[in-house]
Structure formats: structure tokens, C-alpha cells
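Engineer: Sequence:
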Amino acid sequence: MLRILERVAGLNTGSKGRRSVTERLRSNKAKLFRGVTEVAPNVVGYCVWSTERIVDDLNCTLEHKLKGAVSLLSDEAYQWWLTVKEGTQPDRLSWEFFKSDFQGKYVGACYIDARRCEFLNVTQGDRSVAEYEAKFLRLSHYTRGMVASEYERCVRFEEGLWDNLRVLIAPQREQEFSILVEKAKIAKKVKCAERQNRDREMGKNKRI
1 MLRILERVAG
11 LNTGSKGRRS
21 VTERLRSNKA
31 KLFRGVTEVA
41 PNVVGYCVWS
51 TERIVDDLNC
61 TLEHKLKGAV
71 SLLSDEAYQW
81 WLTVKEGTQP
91 DRLSWEFFKS
101 DFQGKYVGAC
111 YIDARRCEFL
121 NVTQGDRSVA
131 EYEAKFLRLS
141 HYTRGMVASE
151 YERCVRFEEG
161 LWDNLRVLIA
171 PQREQEFSIL
181 VEKAKIAKKV
191 KCAERQNRDR
201 EMGKNKRI
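With the UniProt record's numbering applied, the sequence shown covers 1 to 208.
By construction, these hints were calculated from the structure, which means they are not laboratory data. We treat Cβ as the ideally placed atom computed from N, Cα and C, and that holds for glycine. Some clues are possibly wrong.
Said to hold, decoys possible - In silico lysine-lysine, DSS-like type, Cα no more than 30 Å apart, as pairs:
| hint | residue 1 | residue 2 |
| --- | --- | --- |
| 1 | K105 | K135 |
| 2 | K105 | K85 |
| 3 | K85 | K99 |
| 4 | K135 | K67 |
| 5 | K188 | K135 |
| 6 | K191 | K135 |
| 7 | K185 | K135 |
| 8 | K189 | K135 |
| 9 | K85 | K67 |
| 10 | K99 | K67 |
Stated by the list, open to error - Simulated restraints, written as ranges between beta carbons of each label pair:
| hint | residue 1 | residue 2 | range |
| --- | --- | --- | --- |
| 11 | T61 | R198 | 44 to 54 Å |
| 12 | N59 | W80 | 20 to 30 Å |
| 13 | V155 | M202 | 29 to 39 Å |
| 14 | V167 | E63 | 41 to 51 Å |
| 15 | D113 | I186 | 30 to 40 Å |
| 16 | W80 | V190 | 44 to 54 Å |
Construct all of the structure, not just a fragment, from the sequences and the given hints.
Structural biologist: This is the structure we're talking about:
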């Protein structure tokens, strides 16, 4: 198990570095995937998403992401990957290729289509901006090709925000997603402060 976890990082930096990577992976609960057929599609989808999140936290390259994901496969799932690898040109064996094939094998087209539909209809609703961002990003993993650019992703995120937040942010036409999210969080704080001020003023007027 230790060797498997060390390979996820795709690094060879000595015992101290390997221990720190292993501890990080364990704290993020990286697990082996055996490809058991009765595993629910949402569990498999979460497996792909959580693995990507962990290796992102470790600042891995795309090559290391692929190596890390493959190192978490065992039994039937690992045999599946060997078969795919043998029948694929080496220059096509990328992280994106792996995700696409893995989801096609273990998640299924119907589940992916349902998540894409959910992505197109997701809104902030009763969520905080951070909670909305988390769901938006989780669903976006199933929308390959639907949101072609960073700007289009920003526009889609804006469309799902509360109206009173969107009117403050949309005119700025932000094109960087992380900055857009921070602006939305700031706008939410401003609106909360305004509401609190109004409530205090109303309370004062009632006492007069």
C-alpha cells in the first residue's frame, strides 16, 4: 500500500518527500479502485474527481496525474487499463484520455448525460457562494466540450448566481474563474452588511 500511495505523486524525491506525500494522500483518503461492477456510478464519478483533487493539491503534472490514477487501480480495473493501453498509441495516453475512458467504462453514458443536464440547470439556490462553486466544479467534470473556454465558464457561473449578486458582477465581464468567485463572495458579504444595516435602522425607528 505504501508503494502505491507513493506512486500517486509520481515523485522520486527521497524518504522525507515520500513520507509527506503519503501522509497527504492518506489525509485525503485516496483509495484503490478495483472496478467492481456493482459500485454505483456516482461513487465511481467521485473516485475520479477526488483523485484529481488530491493530485492537484500535490501540484502534480498531467503526466503524474495519469500515473497516480493508474496506481490506484487494481484487480479488474487495472486489467482493463492494461488492455486499453495496449490498444492505444502512446502519444494518446494522457490524463484527459484516461478520465474519458474510465468514465465511459465505469460511469456510463446515461449517468454522464444526467450530470451534464444538472450542470446546465445548477444555480446558487439556497447555497452560499462557496457551496455553489463546489457543486458547479463537481458537475463541470462531466461537461467536457460543453464549456469551451474560461470565459464561457465564468458566464455560466454568473448565470446561476442570485440576481442581486449577478447585477453587481456581470457588467465587469470577468474572464478568470477564480477571481470571479472571489468577487461573488465579496458581493455576498456587502449584501449581508447592507441588510444588517437596514435591520438595525428599522429597529431604531421602531424604538423611537
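Engineer: If a hint holds in the structure, say so; if it does not, say that too.
Structural biologist: Structure-based check of each hint:
{"no.": "1", "hint": "K105 - K135", "in the structure": "holds (24 Å)"}
{"no.": "2", "hint": "K105 - K85", "in the structure": "holds (14 Å)"}
{"no.": "3", "hint": "K85 - K99", "in the structure": "holds (13 Å)"}
{"no.": "4", "hint": "K135 - K67", "in the structure": "holds (27 Å)"}
{"no.": "5", "hint": "K188 - K135", "in the structure": "holds (18 Å)"}
{"no.": "6", "hint": "K191 - K135", "in the structure": "holds (22 Å)"}
{"no.": "7", "hint": "K185 - K135", "in the structure": "holds (15 Å)"}
{"no.": "8", "hint": "K189 - K135", "in the structure": "holds (20 Å)"}
{"no.": "9", "hint": "K85 - K67", "in the structure": "holds (13 Å)"}
{"no.": "10", "hint": "K99 - K67", "in the structure": "holds (12 Å)"}
{"no.": "11", "hint": "T61 - R198: 44 to 54 Å", "in the structure": "holds (51 Å)"}
{"no.": "12", "hint": "N59 - W80: 20 to 30 Å", "in the structure": "holds (28 Å)"}
{"no.": "13", "hint": "V155 - M202: 29 to 39 Å", "in the structure": "holds (37 Å)"}
{"no.": "14", "hint": "V167 - E63: 41 to 51 Å", "in the structure": "holds (43 Å)"}
{"no.": "15", "hint": "D113 - I186: 30 to 40 Å", "in the structure": "holds (35 Å)"}
{"no.": "16", "hint": "W80 - V190: 44 to 54 Å", "in the structure": "holds (51 Å)"}
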